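Engineer: Letter by letter, the chains look like this.
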Amino acid sequence: MRDLHFPLNQTQRVRLEAALHELQTLAPAAASAASVTVADSIPVNQEDNILKIFGCVCVFRVQRAWCGGSRWGGGGDTVRRRGAGQQACLCADAPARYKPEVGDIIVGRVIEIAPKRWRLEINFTQDAVLMLSSMNLPDGIQRRRTAVDELNMRSIFEENDVVCAEVRGFQHDGSLHLQARSQKYGKLQRGQLLTVPAYLVKRRKQHFHHLEQYDVDLILGCNGFIWVGQHVLVRENTELKEDQHKLSDEVDTFTSIETRKHICRLANAVRVLSALGFILTIELIIQTAEASLSSNVEINAMLGAEFYVQTAEREARRRADLVRKKNGAR
Amino acid sequence: MVGLSEGEKHFIRGGIAQDLRADGRTKLQFRPVTVETGVIPQANGSARVRLGATEVIASVKAELGKPTVLHPDKGKVSIYVDCSPTAAPIFEGRGSEDLSAELSVALQRCLLGGKSGAGAAIDLSSLIVLEGKACWDLYIDGLVVSSDGNLLDALAAAIKVALSDTGIPKVNVSLNAETDGEPEVDVSDEEFLQFDTSSVPVIVTLTKVGKHYIVDATSEEESQMSSAVSVSVNRRGQICGLTKRGGAGLDPTVIFDMISVAKHVSQRFISLLDSEIAAAEAVMDE
Numbered sequence: 001m002r003d004l005h006f007p008l009n010q011t012q013r014v015r016l017e018a019a020l021h022e023l024q025t026l027a028p029a030a031a032s033a034a035s036v037t038v039a040d041s042i043p044v045n046q047e048d049n050i051l052k053i054f055g056c057v058c059v060f061r062v063q064r065a066w067c068g069g070s071r072w073g074g075g076g077d078t079v080r081r082r083g084a085g086q087q088a089c090l091c092a093d094a095p096a097r098y099k100p101e102v103g104d105i106i107v108g109r110v111i112e113i114a115p116k117r118w119r120l121e122i123n124f125t126q127d128a129v130l131m132l133s134s135m136n137l138p139d140g141i142q143r144r145r146t147a148v149d150e151l152n153m154r155s156i157f158e159e160n161d162v163v164c165a166e167v168r169g170f171q172h173d174g175s176l177h178l179q180a181r182s183q184k185y186g187k188l189q190r191g192q193l194l195t196v197p198a199y200l201v202k203r204r205k206q207h208f209h210h211l212e213q214y215d216v217d218l219i220l221g222c223n224g225f226i227w228v229g230q231h232v233l234v235r236e237n238t239e240l241k242e243d244q245h246k247l248s249d250e251v252d253t254f255t256s257i258e259t260r261k262h263i264c265r266l267a268n269a270v271r272v273l274s275a276l277g278f279i280l281t282i283e284l285i286i287q288t289a290e291a292s293l294s295s296n297v298e299i300n301a302m303l304g305a306e307f308y309v310q311t312a313e314r315e316a317r318r319r320a321d322l323v324r325k326k327n328g329a330r
Numbered sequence: 001m002v003g004l005s006e007g008e009k010h011f012i013r014g015g016i017a018q019d020l021r022a023d024g025r026t027k028l029q030f031r032p033v034t035v036e037t038g039v040i041p042q043a044n045g046s047a048r049v050r051l052g053a054t055e056v057i058a059s060v061k062a063e064l065g066k067p068t069v070l071h072p073d074k075g076k077v078s079i080y081v082d083c084s085p086t087a088a089p090i091f092e093g094r095g096s097e098d099l100s101a102e103l104s105v106a107l108q109r110c111l112l113g114g115k116s117g118a119g120a121a122i123d124l125s126s127l128i129v130l131e132g133k134a135c136w137d138l139y140i141d142g143l144v145v146s147s148d149g150n151l152l153d154a155l156a157a158a159i160k161v162a163l164s165d166t167g168i169p170k171v172n173v174s175l176n177a178e179t180d181g182e183p184e185v186d187v188s189d190e191e192f193l194q195f196d197t198s199s200v201p202v203i204v205t206l207t208k209v210g211k212h213y214i215v216d217a218t219s220e221e222e223s224q225m226s227s228a229v230s231v232s233v234n235r236r237g238q239i240c241g242l243t244k245r246g247g248a249g250l251d252p253t254v255i256f257d258m259i260s261v262a263k264h265v266s267q268r269f270i271s272l273l274d275s276e277i278a279a280a281e282a283v284m285d286e
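These protein sequences, in sequence, are chains A and B. All residue numbers for the first sequence refer to the UniProt record's numbering, where the first residue is 1 and numbers rise by one. All residue numbers for the second sequence refer to the UniProt record's numbering, where the first residue is 1 and numbers rise by one.
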């Protein structure tokens, strides 16, 4: 996403720096964003069997880690952790690009229709492939794909369509294989697609969020593509064709103004949070949107300097409260 | 420019029809404007204007030259726009030539006035040093750094701010009576003449999508346009230039309506820019 720029005056700049400074001091040592130097003991989350260290250079077989803010990456090497034996360590580049894993839910855009497959752009070094056989047919019957199906691929997905799918695996050349077999995957319409840096979306249990109170679908793709759109009922496959005709009767089928307001608010919340560099979770997005509603901030004023600074301050307060509660509970 | 799916296009059109665009703006609202002056120290004047994610830089350089024979009492101004390849992949190599030419011509039309020099935004006779012999040539260059729609408005605003930041060195001319040719010109380093930019117009582009017009379109909204009319208005509400883009034809009543909307919107934009210019000058004086 192109960078948003917020014109801050002097007081706003001071407030923002104070909030960001507080957030940095609050960041717990065990957070994955910690930076380590040589001979530090790296705190390990006991659940993960793999230590993930970003932005460091690991020298093979040497029991040291040279870590820093550099963008160099090394291979998977072993790092000795004091008193706990060896652990496998994955060293990766500072993650602006998406790093796919099997089972990730991603949102992509179709750029090409090739024989028996679609190619999708997903903010990765290579385009992902969605095979025709990995896609449910419109009539819902499980059968072998015929030549007629291949000719009708365009009726399922066209160029530039936004598609939600799951990573099935890697091909031999490193590109991704996708599948969209379940009802919740498929074409996304009636909404907007936002692009954020991929590292702001962490892997969670749920990536599809149906916000009932707003009648909005929010899909946090692990590749940094975020879809905010009108809620679509998981419907029978046969209605797919009818929907196409409906789109041509435009004025009647525009999204209602209420839903549109919620979609715009949530989208702006995502934009502000990604500009601040905060990890995007559904709770944070909803909180930001509701805070803007309760403080009567106009939707387009959410992209202004004042709301930007307020969001940073709010997050600093929230984390401070969290830390205080944790310390109080001990 | 990344393509848009039918669903997204439908959503954009719906938003414009319902007066609630994708980022929450109404049809006649501008994105937040950021203005900085003096970004290019070697130039006589420069400015950077950010309109949302669109970013442009304008610079003004003044050089001594000879006035044309037709207008011995006027200086010369030339405007040229370049699109940096960092703005969009299609701008690489010669891809940006068409767009740059179109933007340059539109700006020249709006700011430079007619062939006789009448109606120019800058008073060209203020650029004269010695009638018939020496004058200032202003070279105004615009650079598109990041492109997210509405380049023309951003460039016109940047040029206006850059001109307000421009200082023309004072010159002492000594006429040597024996050599009838070139006078001796002594360019002073200290004293500068500032331009009065209150009469420099701004450009407001109205993009027609369906039956509605929007101001300050993003590149996604521009992909949905049928036509666009750029109106250049000065502070007194006078039209200084008019450019139409896009293949669809427009009814004359529609054009008149668009002009009146543009006049109304431009007054707000002009006062916003003027306050930003004043703020930037205040910062510089500190």
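Source of the hints: derived by calculation from the structure; they are not laboratory data. This one's a predicted model, so the numbers in the text were calculated from it and none came from an experiment. Take these hints with a grain of salt, some might be off.
Claimed, not checked - Distance windows between CB atoms, simulated:
1. Val254(B) with His21(A): 46 to 56 Å
2. Val39(B) with Arg317(A): 46 to 56 Å
3. Lys244(B) with Gln142(A): 54 to 64 Å
4. Val148(A) with Gly3(B): 21 to 31 Å
5. His264(B) with Gln126(A): 22 to 32 Å
6. Ser226(B) with Arg97(A): 31 to 41 Å
7. Thr86(B) with Leu322(A): 34 to 44 Å
8. Ala101(B) with Arg317(A): 23 to 33 Å
9. His210(A) with His264(B): 25 to 35 Å
10. Pro7(A) with Asp196(B): 21 to 31 Å
11. Leu20(A) with Ala17(B): 37 to 47 Å
12. Ile239(B) with Leu137(A): 24 to 34 Å
13. Val145(B) with Leu26(A): 29 to 39 Å
14. Lys326(A) with Ser271(B): 43 to 53 Å
Heads up, the beta-carbon is just placed ideally off N, CA and C, and yes, glycines get one too.
Engineer: It remains to establish, for every hint, whether it holds in the given structure.
Structural biologist: Hint check results:
| no. | hint | verdict |
| --- | --- | --- |
| 1 | Val254(B) with His21(A): 46 to 56 Å | 54 Å, holds |
| 2 | Val39(B) with Arg317(A): 46 to 56 Å | 36 Å, violated |
| 3 | Lys244(B) with Gln142(A): 54 to 64 Å | 55 Å, holds |
| 4 | Val148(A) with Gly3(B): 21 to 31 Å | 27 Å, holds |
| 5 | His264(B) with Gln126(A): 22 to 32 Å | 50 Å, violated |
| 6 | Ser226(B) with Arg97(A): 31 to 41 Å | 37 Å, holds |
| 7 | Thr86(B) with Leu322(A): 34 to 44 Å | 40 Å, holds |
| 8 | Ala101(B) with Arg317(A): 23 to 33 Å | 53 Å, violated |
| 9 | His210(A) with His264(B): 25 to 35 Å | 42 Å, violated |
| 10 | Pro7(A) with Asp196(B): 21 to 31 Å | 26 Å, holds |
| 11 | Leu20(A) with Ala17(B): 37 to 47 Å | 40 Å, holds |
| 12 | Ile239(B) with Leu137(A): 24 to 34 Å | 58 Å, violated |
| 13 | Val145(B) with Leu26(A): 29 to 39 Å | 36 Å, holds |
| 14 | Lys326(A) with Ser271(B): 43 to 53 Å | 51 Å, holds |
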